[in-house]
Amino acid sequence: MKIIDILRQDRPTLSFEVFPPKTSDSYETVAQATQEIAALRPDFMSVTYGAGGGTSSYTIGIASELSQRYGVDSLAHLTCASSTREHVHAMLAEMKAKGIQNVLALRGDIPEGGAPAHDYQYAAQLVRDIKASGDFCVGGACYPEGHPEAPTKNADIDHLKEKMDAGCEFFTTQMFFDNNILYNFLYRIREKGITVPVVAGIMPVTNGKQIARICKLSGTYLPEKFKAIVDRFGDNPAAMRQAGVAYAAGQIIDLIANGVTHIHVYSMNKPSIAADIQASLSEVLKP
1 MKIIDILRQD RPTLSFEVFP PKTSDSYETV AQATQEIAAL RPDFMSVTYG
51 AGGGTSSYTI GIASELSQRY GVDSLAHLTC ASSTREHVHA MLAEMKAKGI
101 QNVLALRGDI PEGGAPAHDY QYAAQLVRDI KASGDFCVGG ACYPEGHPEA
151 PTKNADIDHL KEKMDAGCEF FTTQMFFDNN ILYNFLYRIR EKGITVPVVA
201 GIMPVTNGKQ IARICKLSGT YLPEKFKAIV DRFGDNPAAM RQAGVAYAAG
251 QIIDLIANGV THIHVYSMNK PSIAADIQAS LSEVLKP
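Count the sequence shown with my numbering and you get residues 1 to 287, in order.
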């Protein structure tokens, strides 16, 4: 099923992200985690795409297996920052051959010390190519706190509108830890005429030191109540895991209560985290 058809249903949705292995040595571990998360029967699962396309074969393989073997609709990421149009078309042809219907179109990170391949400078260009290449449902990324490279938040929203006009049918947000940031973002983009569904990306934090580093690099805001959790439990892995899952579940409950009903959880390939989140929302997710 196409993701947009799932999102159009009049009910909350819960989906999970997994990432492919960097080497064949770790493939079995990732495959096992993917199978266990798929057994939770989420509405769909996304599979990330390594920097420079280094894991592209794994991305396509896992996404295909999710839908063909486990019966879970999949969303394959595709980046273009270091790709030629020829390479992208080859990836799309392989996706089509393996029954993948959904693609998340991303510019991706520019290689360190390099520049984007001349074929693609913006994700909107990739979106147009995907739409022209077959009957794919195409999604894109959005940044409630603004893309780090955008000169202004308004300019960032203008780029988002370009992606929608190019054919993006939904957007998935980068992680955020303050729901008010998302609510303000949704108001701004709706005012600009962006009408497609927005899926809220939520990361359950189980490692306090790691999240501090990630947020520093991405510019993600950490509210004081979340900092207090990290300060209090960051050196106790079991307590940090429990508190992180509870915080994420609280975010999701607040989002659904306020009309943001499509939730995408960055599971970090941890089936137990995905299961705990799902269990904590068993009644909340009912139509």
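Derived by calculation from the structure, the hints in this document are not laboratory data. Be aware that a few hints might be false.
[Claimed, not checked] Mimicking DSS-like on lysine-lysine, the simulated pairs with C-alpha atoms at most 30 Å apart in a straight line are:
hint	residue 1	residue 2
1	Lys270	Lys209
2	Lys216	Lys2
3	Lys161	Lys209
4	Lys131	Lys98
5	Lys286	Lys225
6	Lys161	Lys225
7	Lys161	Lys270
8	Lys131	Lys227
9	Lys2	Lys209
10	Lys192	Lys22
11	Lys209	Lys96
12	Lys209	Lys225
13	Lys153	Lys98
14	Lys227	Lys270
15	Lys2	Lys192
16	Lys286	Lys2
17	Lys225	Lys153
18	Lys216	Lys22
19	Lys227	Lys98
20	Lys209	Lys227
21	Lys209	Lys192
22	Lys131	Lys216
23	Lys131	Lys153
All values derive from a computational prediction rather than experimental measurement.
These are the hints, each one checked on the structure:
1. Lys270 - Lys209: Given pair Lys270, Lys209 holds - Cα atoms ~18 Å apart, limit 30 Å.
2. Lys216 - Lys2: violated (35 Å)
3. Lys161 - Lys209: Given pair Lys161, Lys209 is violated - Cα atoms ~35 Å apart, limit 30 Å.
4. Lys131 - Lys98: Within the cut-off at roughly 17 Å; holds.
5. Lys286 - Lys225: Roughly 28 Å between the alpha carbons, so the hint for Lys286 and Lys225 holds.
6. Lys161 - Lys225: violated (33 Å)
7. Lys161 - Lys270: Cα-Cα ~34 Å, so violated.
8. Lys131 - Lys227: violated (42 Å)
9. Lys2 - Lys209: violated (37 Å)
10. Lys192 - Lys22: violated (39 Å)
11. Lys209 - Lys96: It is violated: about 40 Å lies between the C-alpha atoms, which goes past 30 Å.
12. Lys209 - Lys225: holds (16 Å)
13. Lys153 - Lys98: Roughly 38 Å between the alpha carbons, so the hint for Lys153 and Lys98 is violated.
14. Lys227 - Lys270: It holds: about 23 Å lies between the C-alpha atoms, which stays within 30 Å.
15. Lys2 - Lys192: OK: Lys2 and Lys192 at ~26 Å, within 30 Å.
16. Lys286 - Lys2: holds (21 Å)
17. Lys225 - Lys153: holds (25 Å)
18. Lys216 - Lys22: holds (24 Å)
19. Lys227 - Lys98: Status violated; Cα separation ~44 Å.
20. Lys209 - Lys227: Roughly 11 Å separates the two Cα atoms, so the pair holds.
21. Lys209 - Lys192: violated (37 Å)
22. Lys131 - Lys216: violated (35 Å)
23. Lys131 - Lys153: holds (27 Å)
Taken one by one, the earlier hints fail for this structure at numbers 2, 3, 6, 7, 8, 9, 10, 11, 13, 19, 21, 22, listed in ascending order.
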